[in-house]
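The task is simple: from the sequences and hints, build the whole structure.
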Amino acid sequence: MEENKMAGYRKLSRTSAQRKALLRNQVTALLQHGKIVTTEAKAKEVRKIAESLIALAVREKDNYETVTVTAKVPRKDKDGKRVKEVVDGKKVTVYDEVQKEIKKDAPSRLHARRQMMKVLYPVTEVPKEAAGKKKSTKQVDLVDKLFTEYGPKYADRNGGYTRIVKIGLRKGDAAMEVLLELV
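Numbering (this note's numbering), first residue to last: 179 to 361.
Keep in mind that a hint or two might mislead.
What the hints assert, rightly or not - Cβ pair distances, simulated, as ranges: (1) D266 <-> K323: 44 to 52 Å; (2) T244 <-> A185: 40 to 48 Å; (3) V361 <-> K269: 53 to 61 Å.
What the hints assert, rightly or not - Below, computed lysine to aspartate or glutamate pairings styled on EDC-like, alpha-carbon distance capped at 20 Å: (4) K254 <-> E275; (5) K316 <-> E327; (6) K344 <-> E229; (7) K281 <-> E229.
Just so you know, the hints here were simulated from the structure itself, not pulled from any lab data. C-beta atoms are modelled at their ideal positions from N, C-alpha and C, and glycine is treated no differently.
Below, the structure is given as structure tokens:
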């Protein structure tokens, strides 16, 4: 019997829920900003997850068909308010039929998309000019960014989408700090 079996991953001195949250946070931050500074042990764990997500994006980046659909869109006036008209005593929004081109995911790409959403947290970006206002924040679609930006960017690269650069020891606890960045 072999006693000293290595675990398949680093536990990072956290409970599994905390560890999962931490890694999800860092992977999300890495894919949003392109780089993060963290400890070496964490970086190596984050790298595993991030690389697999990018590999998914590379594999499925062109796996969709463009379909034309007819959508009902509420008619808006110049202020962006919905136009209403009275139909037998009730106010009803006026809809226009619009032809739209949408990208329809192939089943495997849809699966990939959902696998990514399992890991990534929803990201809300607050524009610099309008900080503090609820209205101006917008949801960033990181999954879309993976498919449209990172997929084509790393298409001709077989793995190794991230790089770990040692920065030095942290003052407080002398932990090795590293910069984890997308190549």
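**Request:** Kindly indicate which numbered hints from before are broken by the structure, ordering the numbers from low to high.
**Result:** 7
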